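Peer 1: If you want the building blocks of each chain, they are given just below.
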Amino acid sequence: MSSLSRDDVAKLAGLARIEMTEAELLELSSQFGLILDAVARVQEMDLSGVKATSHPQPLENIARADEVLPSLSPEAALSAAPAQEDSRFRVPQILGEAE
Amino acid sequence: MIHKSAAEMAKALTNGETSSVELTQLHLDRIAAVDGDVKAFLHVDTQGALDQARSVDERRKSGEKLSPLAGIPLALKDVLAQKDVPTTAGSKILQGWLPPYDSTVVSKLKDAGIVIMGKTNMDEFAMGSSTENSGYGPTFNPWDLTRTPGGSSGGSAAAVSSFEAPLAIGSDTGGSIRQPAALTGIVGVRPTYGAVSRFGLIAYSSSLDQAGPFGRTVLDTALLHEAMAGHDPKDATSINAPVPAVVHAAKSGDVKGMKIGVIKQLQGEGYQKGVQARFDESLQVLASLGAEIVEVDCPSFEYALAAYYLIAPSECSSNLARFDAMRYGLRVGDKDGASAEAVMSATRDAGFGREVKRRIILGTYALSSGYYDAYYGSAQKIRTLIIEDYAKAFAKADVLVSPTAPTTAYKIGEKVDDPMAMYLGDVATIPVNLAGICGMSLPAGLADEDNLPVGFQIMAPAMQDQRLYQAGAALEAALLTKWGAPILSQAPALKGA
Numbered sequence: 000m001s002s003l004s005r006d007d008v009a010k011l012a013g014l015a016r017i018e019m020t021e022a023e024l025l026e027l028s029s030q031f032g033l034i035l036d037a038v039a040r041v042q043e044m045d046l047s048g049v050k051a052t053s054h055p056q057p058l059e060n061i062a063r064a065d066e067v068l069p070s071l072s073p074e075a076a077l078s079a080a081p082a083q084e085d086s087r088f089r090v091p092q093i094l095g096e097a098e
Numbered sequence: 000m001i002h003k004s005a006a007e008m009a010k011a012l013t014n015g016e017t018s019s020v021e022l023t024q025l026h027l028d029r030i031a032a033v034d035g036d037v038k039a040f041l042h043v044d045t046q047g048a049l050d051q052a053r054s055v056d057e058r059r060k061s062g063e064k065l066s067p068l069a070g071i072p073l074a075l076k077d078v079l080a081q082k083d084v085p086t087t088a089g090s091k092i093l094q095g096w097l098p099p100y101d102s103t104v105v106s107k108l109k110d111a112g113i114v115i116m117g118k119t120n121m122d123e124f125a126m127g128s129s130t131e132n133s134g135y136g137p138t139f140n141p142w143d144l145t146r147t148p149g150g151s152s153g154g155s156a157a158a159v160s161s162f163e164a165p166l167a168i169g170s171d172t173g174g175s176i177r178q179p180a181a182l183t184g185i186v187g188v189r190p191t192y193g194a195v196s197r198f199g200l201i202a203y204s205s206s207l208d209q210a211g212p213f214g215r216t217v218l219d220t221a222l223l224h225e226a227m228a229g230h231d232p233k234d235a236t237s238i239n240a241p242v243p244a245v246v247h248a249a250k251s252g253d254v255k256g257m258k259i260g261v262i263k264q265l266q267g268e269g270y271q272k273g274v275q276a277r278f279d280e281s282l283q284v285l286a287s288l289g290a291e292i293v294e295v296d297c298p299s300f301e302y303a304l305a306a307y308y309l310i311a312p313s314e315c316s317s318n319l320a321r322f323d324a325m326r327y328g329l330r331v332g333d334k335d336g337a338s339a340e341a342v343m344s345a346t347r348d349a350g351f352g353r354e355v356k357r358r359i360i361l362g363t364y365a366l367s368s369g370y371y372d373a374y375y376g377s378a379q380k381i382r383t384l385i386i387e388d389y390a391k392a393f394a395k396a397d398v399l400v401s402p403t404a405p406t407t408a409y410k411i412g413e414k415v416d417d418p419m420a421m422y423l424g425d426v427a428t429i430p431v432n433l434a435g436i437c438g439m440s441l442p443a444g445l446a447d448e449d450n451l452p453v454g455f456q457i458m459a460p461a462m463q464d465q466r467l468y469q470a471g472a473a474l475e476a477a478l479l480t481k482w483g484a485p486i487l488s489q490a491p492a493l494k495g496a
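Going down the list, the sequences are from chains Z and E. For reference, each letter of the first sequence is one residue, going 0 to 98 in numbering that gives the first Met the number 0. For reference, each letter of the second sequence is one residue, going 0 to 496 in numbering that gives the first Met the number 0.
Honestly, the hints are just simulated from the structure, not real lab data. Some hints here could point you the wrong way.
Within a straight-line C-alpha distance of at most 27 Å, the following computed DSS-like cross-link-like pairs (lysine-lysine) qualify [as the list claims (entries may be wrong)]:
#  : chain 1 : residue 1 : chain 2 : residue 2
1  : E       : K250      : E       : K395
2  : E       : K233      : E       : K109
3  : E       : K255      : E       : K391
4  : E       : K82       : E       : K233
5  : E       : K109      : E       : K82
6  : Z       : K50       : E       : K263
7  : Z       : K50       : E       : K91
8  : E       : K64       : E       : K258
9  : Z       : K50       : E       : K395
10 : E       : K64       : E       : K107
11 : E       : K250      : E       : K109
12 : Z       : K10       : E       : K91
13 : E       : K481      : E       : K255
14 : E       : K395      : E       : K91
15 : Z       : K10       : E       : K334
All figures in this text were calculated on a predicted structure; none of them were measured in a lab.
Working from the sequences, and respecting the hints, build out all of it.
Peer 2: This is the structure:
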């Protein structure tokens, strides 16, 4: 049976930028064994020589003429900002963070 | 009037028997009377709806030629952005967000004169099968208020089945339109991937998500399908081709000579007795109408659920990175000296619910170096095999069929602590999403053991959506004759109604 330890979950939560309480970490690590066993069934079939499909359509780049079209005003774009300053998004400190 | 079909309401509007304002008010009254129990809506836009209705009435009075559903009220799943109307995707992280733009689906509804009455409840970011994962509490099944209406579009399905709205829009990533349609006794269609624009549809799993229509009849569903589909330059995956003739197909409804393939893997063991019985009965009805029933083998479908629960969480872990507390939505812990990363992590903890966190973590794991090939990579290969199974099956049959969901509606709380049990409810709907094709669920009757609705699923190849309606309309008409009245007439009356 697969499993993920409390520390494994904590590491993943850090990568996903989600703070988690001790109770959440323990709950997720206890549920993950079952979920991983279920999804690991994808490895049961012989998949050698099978191509991967990432999307149901054959995707291609689509270009349009380089024209200025109507778009959101700065006021509209900022209308839902948690904080703003001088017509810009104000964000918490991003430089000089302790690693 | 509210018990009529949307097509009948449209006729009454054209004949001048009623007005859109009157029709909208009747539905708003119904919402006020029963939604305290059903809880289908997260937000009712009373003023906006009546303004839209008034404008349609004026245009009609001035002799303007209007589209078929002009003036008909509708319930909109809260996953679609509507300008200046609260849009949350069922998440606390978007509480209070007023989008500065309309999704393309909303623009199309507005252009068609369809009256948007409000936003319906859903599993947070469409992740769930019961609407219990909403950040704002569950929706209750009008057939039995102790049960779930299915999900993730449970609010939309409950609104239509409780006569709060004749039409609704949902989105279907793994069955989120078809399964709640089945569990509430209505019609729901997931159109071909790329047939309906995803611009302004809050993304869960971009290669699987597709918005689609709910109605109480196959024809109503077709009318809404036609109004919301079509090419959109704002969505790079939008198919640039005419909308299939779904309304025409719904009106003709004929299965004589049609080859109907029963998928061996999607029946029998694991399916509730009454579900299987109604499914078999519907097959006999189709055969009696002149369809040829064949069995088809899709061996890789056994692995579809596993592939889905790797692909969708992987895509969601990437898509939901945009909820970073910087440009819109919730921001928590923005104290002096707090780093952006700390604010982001605190916000995502406070704003996301359990299931969303579970899927983001699962996706992060499946995509992480060392595990990528074994999990996400294998899942993508299973996806190829599912597409090939469908191709072989459609070489033998015009449409494929199965029960929509393995069980009828289950009790609120019954599966909420057992994610795998909840995921199993999607076993019959998921293959359609992985292959990018189209599917419909329509009522097949009530299961003997619990008197709850059973859904019959029809699947067709990409951009052959009209086949769903052709077969669906034929089955619907034959079952209606057999029953003597629509299935919803058997639902218990709601308090306050």
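Peer 1: Work down the list of hints and note, for each, if the structure agrees.
Peer 2: Hint-by-hint comparison with the structure:
Simply put, K250 (chain E) and K395 (chain E) have alpha-carbon atoms about 25 Å apart, close enough for the 27 Å limit, and the pair holds. A C-alpha spacing of about 17 Å is found between K233 (chain E) and K109 (chain E), which places the hinted pair at or below 27 Å, so the restraint holds. For the hint pairing K255 (chain E) with K391 (chain E), the CA-to-CA distance comes to about 22 Å; that is within 27 Å, so the pair holds. Distance hint between K82 (chain E) and K233 (chain E) is fulfilled; the C-alpha atoms sit about 17 Å from each other, no more than 27 Å.
This hinted pair checks out: K109 (chain E) and K82 (chain E) have alpha carbons roughly 11 Å apart, not beyond 27 Å. Restraint check for K50 (chain Z) and K263 (chain E): the C-alpha separation of about 25 Å stays at or below 27 Å, so the hint holds. For the suggested pair K50 (chain Z) and K91 (chain E), the alpha carbons sit about 39 Å apart, so the restraint of at most 27 Å is broken. With a C-alpha separation of about 40 Å, the suggested pair K64 (chain E) and K258 (chain E) falls outside the 27 Å cut-off, and the hint is violated.
Restraint check: the Cα-Cα separation between K50 (chain Z) and K395 (chain E) comes to about 24 Å, which is no more than 27 Å; the hinted pair holds. A C-alpha spacing of about 16 Å is found between K64 (chain E) and K107 (chain E), which places the hinted pair at or below 27 Å, so the restraint holds. Straight-line distance between C-alpha atoms of K250 (chain E) and K109 (chain E) comes to about 25 Å, which keeps the hinted pair within the 27 Å bound. Pair hint K10 (chain Z) plus K91 (chain E) holds up; C-alpha atoms about 24 Å apart against a cutoff of 27 Å.
About 19 Å separates the Cα atoms of K481 (chain E) and K255 (chain E), which keeps this hinted pair within 27 Å; it holds. Taking the CA atoms of K395 (chain E) and K91 (chain E), the gap is near 47 Å; set against the 27 Å cutoff, the hint is violated. With a CA separation close to 25 Å, the supplied pair K10 (chain Z) and K334 (chain E) stays within the 27 Å bound.
In terms of the numbered hints stated before, the structure departs from hints 7, 8 and 14, listed from lowest to highest.
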